[in-house]
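Asker: Spelled out from the first residue to the last, the chains are:
2 protein chains.
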Amino acid sequence: MKNYDVVVIGGSAAGIPAAITAKRHYPNKSVLLIRKERRVLIPCGIPYIFGTVGTPEKNLVPDKVLEKNGIELLIDPVVHIDNKNCIVETKAGKQVRYGKLVLATGSEPMIPPIPGIDKGNIFSIKKDVSYLNEIIHAMENASNMVIVGCGFIGVELAEECKRRNKNLNITIVEMMQHCLQLVYDKEFCLKAEETLINQGINLMVDEKVESFTGDDKVEGIKLKSGKEIKADMVILGIGAVSNVELAKKTGLEIGTTRSIMVNRYMQTSDPNIFACGDCTEKVSFFDGKPSTLKLASIATMEARIAGANLFASSRLSMGVIGVFSTTLGGSAFAAAGLTEGQAQKQGYNIVVGESEAINRHPGGMPGAENLKVKLIFEAGTQIILGGQVCGAKSGGELINAISAFVHQRMTANDIATFQLGTHPALTASPIAYQLVNAAEIAIKQLKMKRG
Amino acid sequence: MKNYDVVVIGGSAAGIPAAITAKRHYPNKSVLLIRKERRVLIPCGIPYIFGTVGTPEKNLVPDKVLEKNGIELLIDPVVHIDNKNCIVETKAGKQVRYGKLVLATGSEPMIPPIPGIDKGNIFSIKKDVSYLNEIIHAMENASNMVIVGCGFIGVELAEECKRRNKNLNITIVEMMQHCLQLVYDKEFCLKAEETLINQGINLMVDEKVESFTGDDKVEGIKLKSGKEIKADMVILGIGAVSNVELAKKTGLEIGTTRSIMVNRYMQTSDPNIFACGDCTEKVSFFDGKPSTLKLASIATMEARIAGANLFASSRLSMGVIGVFSTTLGGSAFAAAGLTEGQAQKQGYNIVVGESEAINRHPGGMPGAENLKVKLIFEAGTQIILGGQVCGAKSGGELINAISAFVHQRMTANDIATFQLGTHPALTASPIAYQLVNAAEIAIKQLKMKRG
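So the sequences go chain by chain: X and W. Under the working numbering, think of the first position of the first sequence as 1, with each following residue one higher. Under the working numbering, think of the first position of the second sequence as 1, with each following residue one higher.
I should point out that these hints are in silico values taken from the structure, not numbers from a laboratory. Check the hints yourself; a few may be wrong.
All copies of an identical chain are treated as equivalent in the list; a pair is satisfied when it fits inside any one copy or across any two copies.
DSS-like, lysine-lysine: derived pairs with alpha carbons at most 30 Å apart [said to hold, decoys possible]:
| no. | residue 1 | residue 2 |
| --- | --- | --- |
| 1 | K447 | K126 |
| 2 | K58 | K224 |
| 3 | K372 | K64 |
| 4 | K447 | K68 |
| 5 | K224 | K248 |
| 6 | K191 | K64 |
| 7 | K29 | K447 |
| 8 | K84 | K191 |
| 9 | K68 | K444 |
| 10 | K249 | K222 |
| 11 | K2 | K444 |
| 12 | K191 | K68 |
| 13 | K68 | K248 |
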């Protein structure tokens, strides 16, 4: 039986950086990555295979990233972990011994127990090349597509399917009041909805699916409101559930979000086993309570903590902030931390500042686009709780400055006097710069409130 | 005589935000802004009037920004400050009484005492609409332009003049070894030089001007090396000196960089007089020593401190970090804090991490461009000292995340576990994300050094 200092189970957004980080921090340790997929999809790129990118085969993580970092690869599903003897067994019967084990087993799409869910042409977004090709094939013969769920996957998928096939009639059904409501405040959700409607995508919000109709194949959807929609194909985009089967069988503690419980070191209830990514229980950066956020960027962050701590701890998880971005209708929509609504729900007394400006100066510079920033602060301490961005694509990096502000619990005064880099061809002017002005506006609001 | 709670002298990158901040923080106070220019140029936009933007008239700060904020405007040069009686007098003989005074008198281009400097067609970049139109007019009749100084003004000017007139033979003369050497490490300077050379711009580095030749008008330049260059027009871009004449006459303390001395509140030696922007003495964020940095973004930051502190202090200046960005050949070049060279010169024991990746994922997403990040850390504490960015234009906002890291003295471990927002159409993948990988590489270097 072969021995490895480190064995990582899972080869995607958590497994790869966990293995790389282990090698970077412990270059003399041997690292084996075991995964079940022959080819690994870039998870965030999946919606784009339906339009811009074209095929799943053009959205793969190259294996050379493992090779380059001195990581061995075994493609074979793990079926058993003997954590008393530190042995992992694969489906093909191969056994390896580990010093430290990292579980990065990911998640799977949530399949709701709705009558008719098993009919043909009802798909979810599985991270599987041939399954995704089946969806593309179905799309080519479809006239009416219904997407259930208007989160990130739903909106990106709708836009990309419309890009591939202009004649496809696409309807998104969402049970909440607005699309993307878990991530943005209402005014940003409305902007996102507008860009979808402008592309000819139908939105049905505040609607729940009652059942899927048809014989073998889906033909329509009945909603709880009584409405019916024609559908010759359905895609579910309503969230994901952690893959915890192996962990459960190994006797590891499972958390309240039905994910693998870890401490701040990303260590499970077995000190030799770490876990990271979508399979792992998370807590919020803000209130320390369990969080169901599942993001590739969180997975990589957790992997970098787990990988570094394997043999000597040097990193602690601070809990998840939640930093998101997407593009809709060519505009960036990004968010970090709590929305106004979430902050209020958590009992915070808040103050908000908004600032909008063109991302060039003077406005006649090429590429000039609007960029709006909203920042949310706790009113008493003026500590930032979150921010949202909408407009020019540079917003995709600007949100990372906001993420840094949130990480460091900076105050409105800190941000108002932040030393920014600006340039006519790259950003708003330093006078109009959105981040500092949003902070100033929040301070002004506070002063007005207090009289 | 009219009384104002606040009088601001100067109407550009420091004066405008100082006045706006005063109004935001003290909405019931009356604010008057006095400036000498009829029209105010956007300072950072000036190089672009020569090419992309076309004319100085398209690069003006609109006065409505003052009006909208309830700030009165007086256009008339201030000739005298009577700080015993708190009275300001203008050239036209108007007198106003102030409660608090803010000096935002800016800077002027440095004119070196080189023989022949007074000849015709030798220009500097004055913030004056008609003077800049004279330069454009001269350009239209010129064949050989020499730009003295290869800092930001020099490189941007060269590119923009070439854009306007492809046939203009442009040579930049720089006394240092490399262009932009005060802001970037050598490898970034070399990239910048390459983009200039590719545009047909001649670079002469490590060369000093000995004299300008010609009769009334400049005809050539003699260099200390003995070389001679033809020139029917010259533009100087070698730095700026603070406008301190008024401050000196008022008896305010002047600092070692020949700028107006202020404390951490941005208050001068007269407690009723504040100063901010290019006219003001600065200290480095890193070692607290005097700094000659002059940037519009620093001016706005100082103005926001001065304006907020006028009647009750709430903000302290932390010293200047220096956050820069520009574009050359369509690529962003940005920097924050100390370069490797500067850090070593200040006696820091450093470690460096670099990471390069495409700003999209998968690489087939439209708009994919390379983006390189270099981070410099103090070796013992792993605290970040600076960073440099080169490539895709989103680097113009990414540098602001680095600026936040520097502000907050984050460590390599903090940055390696930073919670980032990534998206296929906006950024590198979370696995390849440059900021966190540069931090990881730096940590790896440290481990290797220590064995």
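Asker: Next, verify each hint and record whether it holds.
Answerer: Quick rundown of the hints versus the structure:
Neither within a single protomer nor between protomers do K447 and K126 lie at most 30 Å apart by alpha-carbon distance, with minima of 51 Å and 39 Å respectively. In the homo-oligomer, the alpha carbons of K58 and K224 never lie at most 30 Å apart, since the shortest distance is 39 Å inside one protomer and 57 Å across protomers. Proximity of K372 and K64 under a CA criterion of 30 Å is satisfied inter-copy only: 20 Å between copies versus 40 Å inside one chain copy. With identical chains, the CA atoms of K447 and K68 are at most 30 Å apart between copies only, with a shortest distance of 19 Å across copies and 56 Å within one.
For the identical chains of this complex, K224 and K248 are neighbours neither inside a copy (36 Å) nor across copies (78 Å), given an alpha-carbon limit of 30 Å. In this homomeric assembly, K191 and K64 come within 30 Å of each other (Cα to Cα) only across copies, at 28 Å, whereas the closest approach inside a single copy is 41 Å. Taking CA atoms no more than 30 Å apart as the test, K29 paired with K447 passes between copies only; the shortest distance there is 14 Å, against 57 Å inside one copy. For the identical chains of this complex, K84 and K191 are neighbours neither inside a copy (54 Å) nor across copies (56 Å), given an alpha-carbon limit of 30 Å.
For the homomeric pair K68 and K444, the shortest alpha-carbon distance between copies (15 Å) is at most 30 Å, but the shortest distance inside one copy (53 Å) is not. Proximity of K249 and K222 under a CA criterion of 30 Å is satisfied in neither setting, with 39 Å inside one chain copy and 82 Å between copies. Proximity of K2 to K444 under the C-alpha cut-off of 30 Å is restricted to the inter-copy arrangement: shortest distance 27 Å between copies versus 65 Å within a copy. With identical chains, the CA atoms of K191 and K68 are at most 30 Å apart between copies only, with a shortest distance of 27 Å across copies and 43 Å within one.
Taking CA atoms no more than 30 Å apart as the test, K68 paired with K248 passes in neither setting, with 33 Å inside one copy and 63 Å between copies.
Violated hints, in rising order: 1, 2, 5, 8, 10, 13; the structure is consistent with all others.
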